[in-house]
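First to last, the protein sequences are chains H and G. If you count the first sequence from 1, position 72 lands on 397 in the numbering used here, and the numbers rise without skipping. If you count the second sequence from 1, position 118 lands on 443 in the numbering used here, and the numbers rise without skipping.
Take the hints with a grain of salt, since some may be wrong.
[What the hints assert, rightly or not] With a straight-line cut-off of 30 Å between C-alpha atoms, the simulated DSSO-like cross-links for lysine-lysine are:
no. : chain 1 : residue 1 : chain 2 : residue 2
1   : H       : K389      : G       : K510
2   : G       : K506      : G       : K496
3   : G       : K506      : H       : K359
4   : G       : K376      : H       : K490
5   : G       : K496      : G       : K375
6   : H       : K524      : H       : K506
7   : G       : K359      : G       : K497
8   : G       : K375      : H       : K490
9   : H       : K524      : G       : K490
10  : G       : K474      : H       : K375
11  : H       : K389      : H       : K497
12  : G       : K524      : G       : K376
13  : H       : K490      : G       : K359
14  : G       : K376      : G       : K359
15  : G       : K359      : H       : K474
16  : H       : K389      : H       : K358
17  : H       : K497      : G       : K375
18  : H       : K490      : H       : K531
19  : G       : K474      : H       : K506
20  : H       : K497      : G       : K382
21  : H       : K506      : H       : K531
22  : H       : K375      : H       : K389
23  : G       : K531      : G       : K490
24  : H       : K510      : G       : K376
25  : H       : K496      : G       : K474
26  : G       : K490      : H       : K496
27  : G       : K531      : G       : K497
28  : H       : K359      : H       : K531
In case anyone wonders, no lab produced these hints; they're calculated from the structure.
There are 2 protein chains.
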Amino acid sequence: MASIVLCDIGNSFLHFYYAGRIWRENPNNISLKKPHIPIYYISVNPNFEKKLLDSHKTCINLEKFIQLQGVYQGLGIDRKAACKAISNGVIVDAGSAITIDIMEDNQHVGGYILPGISSYQHLYQCISPALHVPLDLSVNLYAPPRSTKEAISFGILKSIILMLKHTTQTKKMYFTGGDGKFFAKYFENSIFDNTLIFKGMQQALKENNII
Amino acid sequence: MASIVLCDIGNSFLHFYYAGRIWRENPNNISLKKPHIPIYYISVNPNFEKKLLDSHKTCINLEKFIQLQGVYQGLGIDRKAACKAISNGVIVDAGSAITIDIMEDNQHVGGYILPGISSYQHLYQCISPALHVPLDLSVNLYAPPRSTKEAISFGILKSIILMLKHTTQTKKMYFTGGDGKFFAKYFENSIFDNTLIFKGMQQALKENNII
């Protein structure tokens with residue numbers, strides 16, 4: 326797998342995988358990769374995709390090779406890729422949005438979308454300047470909040486965690502994304518794996534005999 | 326109570342109460358009230374407050390007369406006023422933000438803040454153009470969503486409702502605000518009362534022997 330680069334183009338960053346190593350790059354400052362190594366990518370952001378294609382010759386869009394069984398219409402390609410990596414369980418990709426997807430016997434049975442922590446925080450600021458306060462990520466989730474800072478932090482974190490607990494029941498949870506590690510600690514039957522999307526991409530490459 | 330006008334200045338509209346009637350007005354198009362009738366008001370928006378004061382001579386800010394027992398620091402004056410209207414229960418004011426406040430024996434024991442439905446919807450659009458879809462307010466909250474529209478609607482509504490159910494337990498719920506009626510229908514022990522803030526303001530007027 327060292328002979329190719331994998332790239333996941335999101336709405337904030339480009340995430341790369343090469344030879345067991347992962348890193349992210351700013352879309353306006355993509356480092357030049359070695360020209361003889363092909364880049365297999367998926368993208369949810371056409372603008373950032375163009376930036377990659379403009380600067381690199383050998384880029385192959387993996388989208389059409391990622392087939393996922395399920396009834397959900399319009400599932401984002403990044404969510405499809407992550408789902409390819411597991412057979413049973415709940416995948417939580419916690420970035421600027423938090424996507425939750427449920428897999429049963431290699432079938433995608435449904436999923437939903439919440440705003441990410443930083444998106445929530447930005448939203449409160451937009452609603453009212455009075456709600457422009459720093460978050461307290463260690464706020465007590467088991468006592469009524471007693472300040473604006475607590476009230477907003479509690480609102481964001483508890484609503485997300487209640488939803489996840491309600492979804493997971495006894496299922497295993499797979500956390501990924503920038504805030505994945507943070508949320509994983511609230512769940513016993515969970516693992517954090519920031520390579521989930523890349524594992525799914527590798528799975529698709531194998532299924533299609535590309536590598 | 327017909328000899329005064331009450332006004333609640335929010336972040337989207339000005340809400341008025343006069344002679345048992347309530348209505349809302351756009352801050353940029355405030356209708357001229359009769360000059361001999363004083364306007365007792367509360368405000369969370371200094372710009373809109375200025376618009377009222379610029380166009381009306383006899384306006385009295387009720388803020389300093391609204392005393393609420395409790396430990397919460399920085400509780401908005403609109404939330405304080407609504408809390409004055411009840412002795413025991415949970416108040417949910419569902420507007421551009423959703424504020425949840427818990428009253429026990431005339432004491433405010435805590436509360437929290439969630440984004441309102443329309444704020445959530447706006448936020449998803451900002452996260453990604455792919456999430457710019459109309460909401461389905463009758464989405465099935467008991468089955469995994471199967472489209473982006475369902476995934477977002479489910480994320481918004483179920484997270485809010487789970488939070489409210491978790492808060493209310495056996496307490497009575499008082500819903501107010503633009504989306505109050507919509508949420509009230511999900512709860513058995515609930516009432517919708519769009520005059521809650523005005524009832525609290527009247528309570529404060531009485532306590533302070535103003536009327």
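Consistency of the hints with the structure:
no.: 1; hint: H/K389 with G/K510; verdict: violated, 44 Å
no.: 2; hint: G/K506 with G/K496; verdict: holds, 18 Å
no.: 3; hint: G/K506 with H/K359; verdict: violated, 60 Å
no.: 4; hint: G/K376 with H/K490; verdict: violated, 46 Å
no.: 5; hint: G/K496 with G/K375; verdict: violated, 38 Å
no.: 6; hint: H/K524 with H/K506; verdict: holds, 18 Å
no.: 7; hint: G/K359 with G/K497; verdict: violated, 39 Å
no.: 8; hint: G/K375 with H/K490; verdict: violated, 46 Å
no.: 9; hint: H/K524 with G/K490; verdict: violated, 38 Å
no.: 10; hint: G/K474 with H/K375; verdict: holds, 27 Å
no.: 11; hint: H/K389 with H/K497; verdict: holds, 28 Å
no.: 12; hint: G/K524 with G/K376; verdict: holds, 24 Å
no.: 13; hint: H/K490 with G/K359; verdict: violated, 55 Å
no.: 14; hint: G/K376 with G/K359; verdict: holds, 16 Å
no.: 15; hint: G/K359 with H/K474; verdict: violated, 41 Å
no.: 16; hint: H/K389 with H/K358; verdict: holds, 24 Å
no.: 17; hint: H/K497 with G/K375; verdict: violated, 55 Å
no.: 18; hint: H/K490 with H/K531; verdict: violated, 34 Å
no.: 19; hint: G/K474 with H/K506; verdict: holds, 28 Å
no.: 20; hint: H/K497 with G/K382; verdict: violated, 64 Å
no.: 21; hint: H/K506 with H/K531; verdict: holds, 28 Å
no.: 22; hint: H/K375 with H/K389; verdict: holds, 18 Å
no.: 23; hint: G/K531 with G/K490; verdict: violated, 34 Å
no.: 24; hint: H/K510 with G/K376; verdict: violated, 49 Å
no.: 25; hint: H/K496 with G/K474; verdict: holds, 25 Å
no.: 26; hint: G/K490 with H/K496; verdict: holds, 23 Å
no.: 27; hint: G/K531 with G/K497; verdict: holds, 25 Å
no.: 28; hint: H/K359 with H/K531; verdict: holds, 23 Å
Hints 1, 3, 4, 5, 7, 8, 9, 13, 15, 17, 18, 20, 23 and 24 from the earlier list are contradicted by this structure; the remaining hints agree with it.
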